[in-house]
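Asks: Make the full structure from the sequences, and use the hints.
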Amino acid sequence: MTFLPLFGRLKSVVIGMIHVQALPGTPLSKMNISQITHEACKEAEMYLNVGIDGLIIENMHDIPYSLSVGPEVCASMTAVCTAVRGLCPTLPVGIQILSAANKPAMAVALAAGLDFMRAEGFVFSHVADEGLLNACAGDLLRYRRQIGAEHVQVFTDIKKKHSSHALTSDVSIEETAKAAEFFLSDGLIVTGVATGTRADPRELKAVAQSVNIPVLIGSGVTYDNVDQYMDANGMIIGSHFKKDGHWANPVDPERVRRFMEKVQQLRG
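Here UniProt numbering is used: the first residue of the sequence shown is 1, the next is one more, and so on.
Don't take each hint at face value.
[Unchecked claim] No more than 20 angstroms apart at the CA atoms, straight line, and that leaves these computed lysine to aspartate or glutamate pairs for EDC-like:
#: 1; residue 1: Lys30; residue 2: Glu72
#: 2; residue 1: Lys262; residue 2: Asp244
#: 3; residue 1: Lys159; residue 2: Glu174
#: 4; residue 1: Lys11; residue 2: Asp115
#: 5; residue 1: Lys205; residue 2: Glu254
#: 6; residue 1: Lys42; residue 2: Glu254
#: 7; residue 1: Lys159; residue 2: Glu181
Quick caveat, the hints were computed from the structure, so don't treat them as lab data.
Replies: In structure tokens, the structure reads:
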């Protein structure tokens, strides 16, 4: 497969990240929902104006992450995502809720009219900095059917960043990819070891050759190295699009514009 169904036949789609400000109840929370939504919509508008291919919304400022996400996070993310969806009615928009809150993310995606979600821990257990994550594919896809959200595509991290994979050291990234495909993933995400750290282009090639579903890069793509990832079906970009290239900063529209211009040239 050479394209993501959500994006037609567009090559190497670029998905901009919106890191919503810390949500109510989390340690770094400083804004109310109205302010958080306003900031997210401002970034969505910036991305839209420079021709981004898609967006994903994530609660990365909710550090330290918990494996028990409360209803206030789901409610807040629904408000933010609904507002962004309203600003970008035709742009593919997705969601991730940290940490590994995959069922809540699916519910928010349905409520807000989103197109896809990013799931952690889809296949194989691993140890994340939040704790032990177990495979969720069976429960998540049954839940998707139960709530009538089968149009919401599930893109899944494999051998994901910020994690130890000693438990599955005898399982290669290619075997992990095949397992996720067998368990009905809609697309795979390859990352480096941490946020902003580049993924190995050799792993991209190996995974792409192992499966027949889309493969995305989920970390470390920059203006200087994007040519190494143009064979990916998509690239999720957060840190590089922020001021000074740091994930916690606001989106820098000039960095996004420059990047998109280069991608258009590389697409030919």
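Asks: Hint check: Lys159 vs Glu174, CA-CA at most 20 angstroms. Holds or violated?
Replies: Holds, because 10 angstroms separates the two Cα atoms, which is no more than 20 angstroms.
Asks: For the pair supplied as a hint, Lys42 and Glu254, confirm whether the alpha-carbon distance does not exceed 20 angstroms.
Replies: holds, 15 angstroms
Asks: Compare the distance between the alpha carbons of Lys11 and Asp115 with 20 angstroms, and conclude whether the hinted pair is satisfied.
Replies: holds, 18 angstroms
Asks: Given the proposed pairing of Lys205 with Glu254, does the C-alpha separation stay at or below 20 angstroms?
Replies: violated, 30 angstroms
Asks: Holds or violated: are the alpha carbons of Lys159 and Glu181 at most 20 angstroms from each other?
Replies: Holds, at roughly 14 angstroms.
Asks: Has the given pair, Lys262 with Asp244, been kept, meaning a C-alpha gap of at most 20 angstroms?
Replies: holds, 19 angstroms
Asks: Is the Cα-Cα distance between Lys30 and Glu72 20 angstroms or less?
Replies: holds, 15 angstroms
The structure does not agree with numbered hint 5 stated previously, though it agrees with all others.
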